[in-house]
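A.B. asks: Chain order of the listed sequences is A and B. Just so you know, the working numbering puts 156 at position 156 of the first sequence, and the rest follows in order with no gaps. Just so you know, the working numbering puts 13 at position 13 of the second sequence, and the rest follows in order with no gaps.
Hints listed in this document are in silico derivations from the structure and should not be mistaken for laboratory results. Zero decoy hints are in this set.
Sample of chain A residues at the chain B side, in silico, Cβ under 8 Å: (1) 127; (2) 131; (3) 142; (4) 145.
Every residue, glycine too, gets a C-beta built ideally from N, C-alpha and C.
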Amino acid sequence: MDIWGIFILQPMLNALLFLYQLLFHNFTLAILVFTILIRLITYPLTASQQKSTRKLTELQQSDSWKKVQEKYKNDKEKLAQEQMRVYQEAGVSPFGACLPTLIQFPVLIGLYQAIQQAMAASPVQLFDLSRHLYPFLPNAASLIPIDSRFLWLNLGLPDQLFVLPILVAVSMYVQSKMITPPGTGDQQAAQMSQSMTLTMPLMFGWFSLSFPSGLSIYFIISNLIGIAQTAITQPVDWKNVFSFSLGPARAPAVPAKARRKQ
Amino acid sequence: MKRVSLGRLGLILALGLLLAACGGQPPMTTWPGLAANDQLAFVAAHQQLYAVHISGDNYSKGAWTFPAQPDANIGGFAASPAVGPNVIVVAADGPSSRYSGAVFGLNPENGQQIWCLALDAKAAGRLPNCPAPADASASGPTLPFGISLATPEDNRVTDRVTLAGDTAFFGLNNGKVYAVDALTGKTKWPAPFQAKQAVWAAPLPDPDTNLVYVGSLDHNLYALDLATGALKWQKSLGAAIAASPVLSDGVLYVGTFGSQVLALSAADGSQIWAVPTASWVWGTPVVYEDGLYFADVAGNVYAVYASTGKSRWSAKPGDALRAAPAVTAEAVVVGDRTGKIYGLNRANGAGLWPALAPLKGQLIGSPVVISDTILVAPYNGDNLLVAYSLTGAQKWAFAPTQGK
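The following block holds chain B by itself, in its conformation from the complex:
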């Protein structure tokens, strides 16, 4: 009888582990990030950041990608970049299943790397010119075959990076919040702020009050000192906060998984009003003139008076809505889980556009309005970027192979 020795079985297991370490394409675990300036749209998806012309003769054509070719050490891109006049700050996940994370400062003209900041001490060695801050998570001692003796921290940025002047802010899945110099990548706070759970929401900096507002999945809204990251106040909202609040006239408006939107004093977090919704509110509410517009994951869109929370109208145009609406003078634009985009009359919530054919994929990320164009980046679709007119007519689409 043919028998397999323990040694041979061990060899098979070791071979399996070794092959698994080679890894493959990281799965897309979140929707593409989208941001834009007047000339270019930036889509963070799969393993690259795509810059796409949205104006001029080259509209709908790719301008550049970062990195030029997918790089397993950099990993996937999903969080929306922060777009400044001289720099784009974008976060990458790091190698698949390790999520060591890194943040890059790029030249908006050509996508060339200006600086890099590794968020895990071990990842710093794998990326050229990419130091880690002194407080970066350490993966612990490493055994042969790359076996680490410590649980890696999840250093991914989920939502987006935000900019205020020359400072970029971002929160991580491990609950850390960083402030870095957007032009050099040097950390600005003595130590990152640490929330109890993941920080998916982008930090909201307010130079007027010198505070940064951070929502966390740990149910708390934190106000941090803009210069040092020190905690100024915190307020428990009883449910996870997955998107940043919006600030207007000293009032913070924030949605929670507790199925409500709250208005809080930006000075101390005290509650001004709260309105219930049918389900979780995941996207950032939008303030436009005296109105506040938001959507819930059950598919409802709400318009309320920002000062009182009193309802103006609500509508249910289609399927589940994850993202914040885009609001123009005429319309409230939302994209749903089934790939359909809707324009609602801002005054009364009535449908403005004829029924549009759904895009392939899901519209889970927020639409972005630039000038007379509405941009959406479908998740798991044929196209990375689709442009609509303000009347709902599709103008053009961009697929990854174009312009490469």
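Looking at chain A on its own, in the form it has when it is part of the complex:
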């Protein structure tokens, strides 16, 4: 078995099946609890990423940043040098938000794969699952196959009523809108960012039309947790979140506390 299987997929898969066993053989409940646990474990990384994004956004809205942009708008090389200088002076790393995201990425992919494999909707997937089970997982044989019925859904098949794909798209849109930095003066970049905010949720909604419902449920839970985390840890301009705009976003309303500091 490869390194990915041993260190990422196999522990997650077996933990998920263990939760399924504990949680009354309800796979939706197991996905919910497992996603919350993973989000809690990776919370320090998420918080660090959000903090870096916030600092970067504040810096890019500052007067010194705008002055540099204006002064060197016709000299890209000099502009880049000056931007780096401003970053250094402010003690902000432009890549501060990237590293935590990169570390979280394998975890999220592993989680996705674990859910897909645990559902083992097809014989080939079940064959793969058989090779990843820990021999010491108690009563593993009695757990297979996973009970895939939940409400009107067969968790191994796409939702024929399209309820889940729509919820995936909407929840992802709200989450994306909450974490997308507001416009910084660069109209093109802002438009691209806003376009992604709309395109990505539509794309995932589209994928969910053919994904097993269990995966769609994971996406929705994950998005809702992301929304809750963001709402708790940073000020959110809800009016901006629920405005459907392809243009650059408005700068968020400055919280009263921050305004007093100014």
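Got chain A sorted already, so can you dock chain B onto it with the hints?
C.D. replies: Quick look at chain B alone, frame taken from chain A:
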């Protein structure tokens, strides 16, 4: 500032749904099904059933395909067909992601459709001359754009269709088991039998006892009345049963995901013996003379005495083994997940053949031995069918473009 109205957003979503409904090629979610008679091998793969000559001057050449061209309404083929002298019975999945399912009776000579049975009432309308039985799953009321208000049932046949006389038997992913007239496609039981979970294993009919034995992923082995489908007895084996049992001298031998093979009385299901294995036993055990041969997914091959379950030998030739071995007078032949095929000495489990180069793809389906030829159908390989001699030498291979 340019703004997108709610109406426009709704339009984008509606467009997405509409485009998704157009669908694409269904993914292969299981390995190819394989069956053969003296002249032809039948490979159920992708969106067609391929008939390939295995003897005569045209060996290794395609004979016919069903349907002649892939048909989205018929969908994919994966379950091994049942091959009779006058009819081949094969199951198709139905349109991608709906799995409405249909079963066809074909002329073995030319692949022409003799009959069709839709397993979903709605699918019956999409296939010509393909009625659905009265008890077929109904998809419920349908809204514009084909939106159904009921969860569709998964009507796929996973393993294979079996024949006993003029009756074909098959189990579905939704737990139903059907008996149909192999020559007309008419259902024979008053209602299909319903297991609690999917029936992947092919039903095993026994005209001597008038019973049909059905293993289910719900952990039970069921014995049904051959004529009516009524339940005669059932036995919980504590773990999923994904392959049919084998019957010999009044004893059923069955492997389970509980990592054991059991010998049960065919009359009432009482246990005679059980032998533990290192991992799940997915394939049907094979009885040959006084021996019983089977493999587990950890890659072990076992030979035990059929009467007592006492071990004769065990061997681990390669990687994971999903399928039942093929057994000849000399050899026990298995194909593994990495595409390697092995011949083991039937007497002691020692390797008979030199190491063979692996085929592209995985050997997850059971090998089939016809006369002096071993046939395998790799999953995700370059070839649909590969033929070996009984000494392990590759004879020929068939790829889908040949003979078309």
